[in-house]
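There are 2 protein chains.
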Amino acid sequence: MEQPKLRDGKIVRSEEPLNLEMPFENLDGFITPTKSFYVRTHFPIPKIDRNKWRLRVEGEVETPFETNYSELIKLESAKIPATLECAGNNRDFLEPRVKGVQWGLGAVGNAEWTGVPLLILLDRAGVKPSAREIILEGADCGKIEDPKSPAGEINFARSIPLDKANGVLLAYKMNDVDLPPEHGFPVRAIVPGWYAVASIKWLQRIVVTDKPFNGYYQTLDYAFWKRRGDVAELVALSEMQTKAEIARPSEGEIVPANSNVRLHGAAWTGSGEITKVEISSDDGATWNEAKLLGESKPNSWRLWEFDWKTPNRPGKATLIARATDSNGSTQPPERDPDRGTYMINHLLPITVEIR
Amino acid sequence: MEQPKLRDGKIVRSEEPLNLEMPFENLDGFITPTKSFYVRTHFPIPKIDRNKWRLRVEGEVETPFETNYSELIKLESAKIPATLECAGNNRDFLEPRVKGVQWGLGAVGNAEWTGVPLLILLDRAGVKPSAREIILEGADCGKIEDPKSPAGEINFARSIPLDKANGVLLAYKMNDVDLPPEHGFPVRAIVPGWYAVASIKWLQRIVVTDKPFNGYYQTLDYAFWKRRGDVAELVALSEMQTKAEIARPSEGEIVPANSNVRLHGAAWTGSGEITKVEISSDDGATWNEAKLLGESKPNSWRLWEFDWKTPNRPGKATLIARATDSNGSTQPPERDPDRGTYMINHLLPITVEIR
Chain E
1 MEQPKLRDGK IVRSEEPLNL EMPFENLDGF ITPTKSFYVR THFPIPKIDR NKWRLRVEGE
61 VETPFETNYS ELIKLESAKI PATLECAGNN RDFLEPRVKG VQWGLGAVGN AEWTGVPLLI
121 LLDRAGVKPS AREIILEGAD CGKIEDPKSP AGEINFARSI PLDKANGVLL AYKMNDVDLP
181 PEHGFPVRAI VPGWYAVASI KWLQRIVVTD KPFNGYYQTL DYAFWKRRGD VAELVALSEM
241 QTKAEIARPS EGEIVPANSN VRLHGAAWTG SGEITKVEIS SDDGATWNEA KLLGESKPNS
301 WRLWEFDWKT PNRPGKATLI ARATDSNGST QPPERDPDRG TYMINHLLPI TVEIR
Chain R
1 MEQPKLRDGK IVRSEEPLNL EMPFENLDGF ITPTKSFYVR THFPIPKIDR NKWRLRVEGE
61 VETPFETNYS ELIKLESAKI PATLECAGNN RDFLEPRVKG VQWGLGAVGN AEWTGVPLLI
121 LLDRAGVKPS AREIILEGAD CGKIEDPKSP AGEINFARSI PLDKANGVLL AYKMNDVDLP
181 PEHGFPVRAI VPGWYAVASI KWLQRIVVTD KPFNGYYQTL DYAFWKRRGD VAELVALSEM
241 QTKAEIARPS EGEIVPANSN VRLHGAAWTG SGEITKVEIS SDDGATWNEA KLLGESKPNS
301 WRLWEFDWKT PNRPGKATLI ARATDSNGST QPPERDPDRG TYMINHLLPI TVEIR
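These protein sequences, in sequence, are chains E and R.
Under our numbering, the first residue of the first sequence carries the number 1, and numbering increases by one thereafter.
Under our numbering, the first residue of the second sequence carries the number 1, and numbering increases by one thereafter.
Isolated chain E (complex conformation) (with noise of 0.2 angstroms):
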């Protein structure tokens, strides 16, 4: 197997745009540490000067208006864990292989999150009552290489409807300290529970809307198709889809037989908490509940041990794991082919090597 390239323990998945990877193994905490915080971007890092640094908000609202960085950071703030997933963490699993970053196990991570929440700068502005959703546009700017993409540049933006405005941060603290830029410097949004396309960095308009934005990234990209009778129609990507993701042993790494070996990864979903990760070592015949550690918190993921008596015989062994969560939404053994080259939760066995 190819060794990647690594920058400061992350995987090297592309350098323009520069898309980082955790190696998944490397998981010790419920927090994430900023420096192996796996990095998404579409387009150049925006060079921003916190002190000449805008953000505007407008559209369906009674009063619009520009704030700095200054203003904002006097602002009522709140901090919070969530865990942040790639829409297409997961992606180097495919077959047969699509287009798109070739994510493995590590494009995900939890962080803790100081910012200001979003409905505090809607109040100040007023919504309308015609307001239906709010677009969130970064800085990030470029041409896209897309025959069916707009001609020119375009900025990243993504909408939220507007009752999911509520629980929003405008974050400019990750883990205490201030956002690096790669990390959306000076001020990011969160939007927990969601794949975090949603979550634009380098904020720098938030726009209401009295009707539903199709915007390049929940259109063309960052979209699935939903059934609808004999049609289908295009949805944007929205809340993560529940899942448990093996930490350690990783895949082909040697365990010993006749053993016991501690089985530890990871469980999030989109809504609700995780209430289950089952194991199954047997290609998903039986499983058994692996043990849920630390407390559940909203948004977040919740770590997880599995003590496993490893075969007697050398030889290859699959592990499964599987998450259920409070809303008994489990993963599908399957892959669903309409969700493109997003929302990759079915069974992913990993294969361990017995000595």
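Honestly, the hints are just simulated from the structure, not real lab data.
Incorrect hints may appear among the rest.
For chains that are exact copies, the list does not tell them apart, and a pair is met inside one copy or across any two.
Once the Cα atoms are required to be at most 25 angstroms apart in a straight line, the calculated PhoX-like pairs of lysine-lysine come out as [unchecked claim]: (1) 211 - 226; (2) 128 - 226; (3) 35 - 173; (4) 309 - 276; (5) 143 - 226; (6) 173 - 52; (7) 226 - 148; (8) 297 - 226.
Add chain R to chain E, keeping to what the hints say.
For chain R alone, coordinates are given in the frame of chain E:
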């Protein structure tokens, strides 16, 4: 120049699916004879037994119901002329070449359509106050060869906003005879003023919905980009754009020097009526008004003619026609690349030879 393959006097643009174009130089009257009318299909033409055909009306209605052909033709009917233009008409003129059927000037026609107003069926079903759009679904279906398409087969379908329902016809006759199979037998929609993609053929289902429909044929296909500040938004193609086309002389035609030559053609628009057609034979430096023929009829093209005094000297000459409608819409000099491969109505010169 390669001689195009003809079938029944129409240019064969593709065999499977069947796409046939009218040589626009054959334009010779307000009504396009059915045998000359361009044919656009996306999938194999459905073979439908009129006696077994059913049309369902469902969704956000008080009383969903199903009707059949003999019931339908007993309902109050209307007969209207309407121009249908393929949203990709003139694509062959685009440089660089783009994907899609390479239509010249003739993916447009004007016919008389007899059918039942859509409102009659909607009234029978009782549209709920929650209704926002109406999905029209055809019986034509298949798998789309596009990595971003839905994974399985889908039916051709498109939506119109509720307020566009007024004026839509469920047509069972074209130029006073039953629809031929390639034009949607036994029943098709006619959505006047809109690109023909909206006028669903082989109609089998009408679904009233409470939110915008993001089907394949109005997002990943048959859509364009609309700028909204720093972002762009995908918008389904709808109204036909104002356009004049020259039928004769045609591209490359030889015309006598120092003579009076009759130019003629047709002009149409999405709403309102054509108020002016102008001709330039000096690359747009000067324009002269053509004569509009007959009477203006809603949703139909207007034929026009122009008496051209040809140059004294032999050589090449370019001719440009430009239409203006009662809303003040006219044809732009340059192509807007955000329109992708559709809505081609910028000024298109044709070249003739003076001898």
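The hints, checked one at a time:
1. With identical chains, the CA atoms of residue 211 and residue 226 are at most 25 angstroms apart both within one copy (20 angstroms) and between copies (14 angstroms).
2. Taking identical chains as interchangeable, the C-alpha atoms of residue 128 and residue 226 lie at most 25 angstroms apart only when they sit on different chains, with a minimum of 24 angstroms there against 31 angstroms within one chain.
3. Proximity of residue 35 to residue 173 under the C-alpha cut-off of 25 angstroms is restricted to the intra-copy arrangement: shortest distance 14 angstroms within a copy versus 69 angstroms between copies.
4. Taking the shortest alpha-carbon separations for residue 309 and residue 276, only the intra-copy value of 20 angstroms comes in at or below 25 angstroms, while the best inter-copy value is 85 angstroms.
5. For a Cα distance limit of 25 angstroms, the shortest separation of residue 143 from residue 226 across copies, 15 angstroms, qualifies, whereas the shortest one inside one copy, 28 angstroms, does not.
6. Taking the closest pair of Cα atoms, residue 173 and residue 52 come within 25 angstroms of each other only inside a single copy of the chain (18 angstroms); across copies the shortest separation is 65 angstroms, beyond that limit.
7. In this assembly of identical chains, residue 226 and residue 148 lie within 25 angstroms of each other by CA distance both inside one copy and across copies; the values are 21 angstroms within and 13 angstroms between.
8. For the identical chains of this complex, residue 297 and residue 226 are neighbours neither inside a copy (30 angstroms) nor across copies (41 angstroms), given an alpha-carbon limit of 25 angstroms.
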